[in-house]
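Given chain A, put chain B in place with the hints provided.
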Amino acid sequence: SQQGEEDPQALSIQEGENATMNCSYKTSINNLQWYRQNSGRGLVHLILIRSNEREKHSGRLRVTLDTSKKSSSLLITASRAADTASYFCATDAMNTGFQKLVFGTGTRLLVSP
Amino acid sequence: DVKVTQSSRYLVKRTGEKVFLECVQDMDHENMFWYRQDPGLGLRLIYFSYDVKMKEKGDIPEGYSVSREKKERFSLILESASTNQTSMYLCASSLLFGDSYEQYFGPGTRLTVT
Chain A
1 SQQGEEDPQA LSIQEGENAT MNCSYKTSIN NLQWYRQNSG RGLVHLILIR SNEREKHSGR
61 LRVTLDTSKK SSSLLITASR AADTASYFCA TDAMNTGFQK LVFGTGTRLL VSP
Chain B
1001 DVKVTQSSRY LVKRTGEKVF LECVQDMDHE NMFWYRQDPG LGLRLIYFSY DVKMKEKGDI
1061 PEGYSVSREK KERFSLILES ASTNQTSMYL CASSLLFGDS YEQYFGPGTR LTVT
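As you go down the protein sequences, you meet chains A and B in turn. Residue 23 in our numbering sits at position 23 of the first sequence, and the numbers go up by one each step. Residue 1010 in our numbering sits at position 10 of the second sequence, and the numbers go up by one each step.
Bound conformation, chain B alone:
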């Protein structure tokens, strides 16, 4: 059974803290994605990666960075957390080659920045 796991379900951080969100997949997928989900805005892509050490900006990369040192792990970093980064963060993975690009999602991390 395919699996994407995220390091925390709930996280509370203070403004200005550096925050790490970890995502691990066990499907040997090349592509990995980080989204944030906010009410009324749906899912918005922050960053994605199609290979180790490769990354591409999504639609809302400001205030975030990512790291992919191993194929199975994709980390989202909030360099200096701010209250407007309070959100649900979803990680996903998919195959690089194929004809469907179906994405497999983790359970999400609900981050609160106070």
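Chain A on its own, in the form it takes in the complex:
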């Protein structure tokens, strides 16, 4: 029941450049979250955007949400080598009766010095 699909699967950029990752999902949602996973570690929550919001910022992160297209994007500005990680979107589908999150397959970001 994979809901989120990230695009691209992998992204390689230089330090200082911006990185954009996209997420598409299938059903109506209450909110969408983005998580980061450093290699071989657990996931860390980055940012949440609610279904009635269109854009949200947190530091160098900018998230947009288009519920009509069932899609979201995560922009990391002025990237650093430390941003190298996998990024996952996660959605909580409405009417599931429980607070489950459905995760996408992730985007692997490599930021080279």
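These are computed hints drawn from the structure, not numbers from a lab. Each residue gets a CB set at the ideal place from its N, CA and C atoms; glycine is no exception. It cannot be assumed that every hint is accurate.
Label-pair distances were calculated between CB atoms; the ranges are [to be verified]: (1) Gly-40(A) / Ser-1067(B): 25 to 33 Å; (2) Val-1052(B) / Gly-16(A): 44 to 52 Å; (3) Tyr-1010(B) / Arg-54(A): 37 to 45 Å; (4) Asp-1026(B) / Lys-56(A): 22 to 30 Å; (5) Ser-39(A) / Arg-1073(B): 22 to 30 Å.
Okay, now just chain B, sitting in the frame of chain A:
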């Protein structure tokens, strides 16, 4: 600082062994989750629990069982380990009531079944 811990970072077991993966959280969260993560497949939910002694099947429960005897501890059990259960196992927790359902993850257990 919130914390979810898992009993092992790396584990190697033989086919047919019974395997216990332990997860402990110190945030007094009601919800706890077990996922497995495989390349190209993302995170898939195995089981979750919203209260002590309560459990619900996730998307891929076959070959697994869980136990939640105390609020802070959620165990994943592989009754008879098989090679196709070689994977990264991630535990997470979250509040039952709230408006974000943000999940907090442990560091993961990389299980190899030979």
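Results of checking the hints against the structure:
no., hint, in the structure
1, Gly-40(A) / Ser-1067(B): 25 to 33 Å, "holds (26 Å)"
2, Val-1052(B) / Gly-16(A): 44 to 52 Å, "holds (50 Å)"
3, Tyr-1010(B) / Arg-54(A): 37 to 45 Å, "holds (43 Å)"
4, Asp-1026(B) / Lys-56(A): 22 to 30 Å, "holds (29 Å)"
5, Ser-39(A) / Arg-1073(B): 22 to 30 Å, "holds (27 Å)"
Checked against the numbered hints listed earlier, the structure breaks none of them; every hint is satisfied.
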